[in-house]
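Here the protein sequences come in this chain order: A and B.
Sequential numbering of the first sequence, starting at 13, is according to our numbering.
Sequential numbering of the second sequence, starting at 2, is according to our numbering.
Derived by calculation from the structure, the hints in this document are not laboratory data.
Glycine included, every Cβ here is placed at the ideal spot set by N, Cα and C.
Take the hints with a grain of salt, since some may be wrong.
To be verified - Calculated from the model, a selection of chain A residues having no Cβ within reach of chain B, i.e. all distances over 10 Å:
#1 Ser28
#2 Ala48
#3 Gly53
#4 Asp80
#5 Arg136
#6 Thr171
#7 Gln173
#8 Ser188
#9 Val206
#10 Gly256
#11 Ser264
#12 Glu291
#13 Thr292
Said to hold, decoys possible - Ranges between beta-carbon positions, derived for each pair:
#14 B/Ala91 x A/Val225: 49 to 59 Å
#15 A/Ile289 x B/Gly186: 40 to 50 Å
#16 A/Asp141 x B/Ser11: 51 to 61 Å
#17 A/Ala39 x B/Gly130: 31 to 41 Å
#18 B/Lys93 x A/Glu202: 16 to 26 Å
#19 B/Gly186 x A/Leu232: 50 to 60 Å
#20 B/Val125 x A/Ile289: 45 to 55 Å
#21 B/Gly134 x A/Ala169: 53 to 63 Å
#22 A/Ser236 x B/Pro5: 52 to 62 Å
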Amino acid sequence: MHRIATALLPRYCQGSLPSVVMAWMRAQLQTNAALAAMYDGLRAAERASAGHDGMSAGQLDNMWKHLDELLDADVVAADTRKQRWSFGAVGATMGAVAIAAAIVWWPRSVGEGVDGGLGTLTSRAAAMDQAPLGMRVRCLQDNKVTADASAGARQHASTLQCGSLGLLAFSATNLSQEVRYAFVVGVDAENHVVFVPPFTAQTSALAVAAGRVDDVMESLMPMSAAGDGLTLFVLMSDAPFDGGDIAQRLRSAQRAGLSLKSLDRLPVDVPVQARIILETAR
Amino acid sequence: VTVPLEEDRSWCAAFKRGDRGALERVFRFYAPHVARFVRAQRFPEHDVESVVHEVFVKAFAAPARASWDGVRPFGAWLTTMTRNWLIDHARKHKRVLLLAPEDMPVRADDKASPERAAEHGVLVQVLDGFRAGLSVDEAALFDTRFAQEQSIRAAAHTLGWSEIRARKYDTALRSRLLECLRAAGFLQHVQIRIGQSLMARKPQEEEL
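Take these sequences, add in the hints, and give me the full structure.
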C-alpha cells in the first residue's frame, strides 16, 4: 500500500489523479508518517522555489478542487444544514459531522429514487417498525454456529465476532403483512465499499415475502474476504431498489468526502437501516 | 487578487451571496495566511491543509458568511475562526497547543520564524543543486512549474509542449526531487517534525 501511495505522490501533488484516488491519498497521508514526510518535503520545496511561505499554487489548486466538489454537492453552502469537513485530520469531528450531514442532508437531496425526503423516509421507517423485520448473520466454523447477530427495524446496531476462517451466513425475517426488500453492503476500515454476496452492484434487493422467519440465503461470505473492521449495513425497504443505485450513491458520497464507516445511516433512500460490526475473533 | 475582501465592495457582496468565483478568490487570497498561522503551531503540511480546509468549509457556510459584517478585516475574522478551531480541537483531543491561546497572534504573521528561515535557506541550497543537475528541458519545466507556479496547461503553452509531455516531465521531475530531498537528508528533518505533530495520528504501518 505504501509503495503504491509513494508512486502516486508526484501525481497527487500535480493534482492529476481522479477524485477518488485523491481522496484515498488524503487518507493515506493521515495514517502513513513516511508518506506524509515526503509530501511535506515536496510542498516545502515548491514554496521555496516560488520564493514564498504561503501555499504553493499546486496545493491551492488541489484544495480548491476539493472544496469546489463540496460546493457542487451543496454541502458547504447549504443554509440550514450542518457543515462538514472531509480531509480526515480529525476523525472524531468528521464522524460526528458526517453523521449529521448524512441524516440531515443526504436523504433530502438525493431523493430521486424511491423516496421524496427525510420526512417520508422517517414515516416509512416508522410504519415498517410495526412488525419484526431484519437480518441475522451467523458465523459458521467447523460446521457449527459460533456466534450470531441481528440488525433491523428494532435493533439498529450489533457486533458479531467470528474467526478468520469462519463463514458468514445471512437470513432475513419479515413478520409484516407485506413484502419487504433487503440488501446488505459493507464498508471496511479504509472506507471502501464491499459488496457482500449474494448482494452485488448488479443485483436487486432481495424480496422477503410477508411472514418469513429466518429465511436463509444460499451464499456464504468467508471472513477472509470481509477482513477486520468491516461494518455491514443492513438496508430494508418497503419498495424495490437495486445494488447499482446503492453503489452509485455511495460513490457520490465518497467523492464528496464522506467517511461512510463513521455513519449510522448510509446516504441512500432506504428507510430502515441497521449495522452489524464485524470483529475477527482471536 | 491583491485587495483584501473588506476593501472591495463588489467582491464583498459576491462573497456574502456565496458566488462561486468570489469564494474561490477568497480562498486563494486568504488560504496562505491561514496556513502560515497554523504552521506556527508546528503542524505538518498535510495537517495544515486539513485545518485550512476545515476553516474554509466553516467560513463558506451560509451562517458564517451572513455573520461577517463586511466591515471588520476579513483576515482577522478568519484567523479568529482558525484560532477557535485549534483550541476546540486541542480540548477535544486532549492535545497541547504549542502556543497558549492567549499567546496566539491575532493576525497571521507574515514573517517566518528564525527556525523556519534557516530551514528555508537549507532547502533553497538543495533546490539550487537539484536544478543545476537538470537537462535544459527539465530546467525549463522546473522554472515554469515551481518558480513561476504555472499550471500544467500554462507551462505546456509557455514551453510549446503538449500537455501530456508536460505532465509526464512534471511527474518525473517530482520523483527526482523527492530522491534529491531524501539524499540531502531533508526528509529526515521533516519527519522529526511529523513526530511532533499535534494532530491525532495512527501508528505508522510501514517504514520508509
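Hints versus structure:
1. Against the 10 Å criterion, A/Ser28 falls within the reach of chain B, whose nearest CB is about 6 Å from its own CB.
2. Some Cβ of chain B comes within 10 Å of the Cβ of A/Ala48; the nearest lies about 5 Å off, and the non-interface call is violated.
3. The non-interface label for A/Gly53 is inconsistent with chain B: the shortest C-beta to C-beta separation is roughly 5 Å, within 10 Å.
4. Distance to chain B contradicts A/Asp80 as a non-interface residue, since its nearest Cβ pair spans about 7 Å, not more than 10 Å.
5. Look at A/Arg136: its CB is around 30 Å from the nearest CB on chain B, clear of 10 Å, so calling it non-interface holds up.
6. Non-interface call for A/Thr171 relative to chain B: holds, since the shortest CB-CB distance, roughly 21 Å, exceeds 10 Å.
7. Every Cβ of chain B is farther than 10 Å from the Cβ of A/Gln173; the closest lies at roughly 22 Å, confirming the non-interface assignment.
8. Against the 10 Å criterion, A/Ser188 stays outside the reach of chain B, whose nearest CB is about 41 Å from its own CB.
9. At the 10 Å boundary, the C-beta of A/Val206 stays outside the reach of chain B, the nearest C-beta of that chain being 20 Å off.
10. Against chain B, the non-interface label of A/Gly256 holds: every CB pair exceeds 10 Å, the least being about 31 Å.
11. Every beta carbon of chain B lies more than 10 Å from that of A/Ser264, the smallest distance being close to 18 Å; the non-interface claim holds.
12. Under the 10 Å C-beta cut-off, the non-interface status given to A/Glu291 relative to chain B holds; the minimum distance is some 18 Å.
13. Here A/Thr292 stays apart from chain B, with its beta-carbon at least about 17 Å from theirs, past the 10 Å limit.
14. In this structure the supplied range 49 to 59 Å holds for B/Ala91 paired with A/Val225, their Cβ-Cβ distance being about 52 Å.
15. Distance hint for A/Ile289 and B/Gly186: a CB-CB separation of about 44 Å, consistent with the stated range 40 to 50 Å.
16. A C-beta distance of roughly 53 Å is found between A/Asp141 and B/Ser11, which places it inside the suggested range of 51 to 61 Å.
17. For the pair A/Ala39 and B/Gly130, the beta carbons lie near 34 Å from each other, so the given range of 31 to 41 Å is met.
18. Range check, B/Lys93 to A/Glu202: Cβ separation about 24 Å, and the 16 to 26 Å hint holds.
19. Checked against the hint of 50 to 60 Å, the C-beta distance between B/Gly186 and A/Leu232 comes to roughly 53 Å, which is consistent with it.
20. The hinted range of 45 to 55 Å is satisfied by B/Val125 and A/Ile289, whose Cβ atoms lie roughly 51 Å apart.
21. At roughly 58 Å, the beta-carbon separation of B/Gly134 and A/Ala169 lies within the given 53 to 63 Å, and the hint holds.
22. Taking the beta carbon of each, A/Ser236 and B/Pro5 are about 58 Å apart, inside 52 to 62 Å as hinted.
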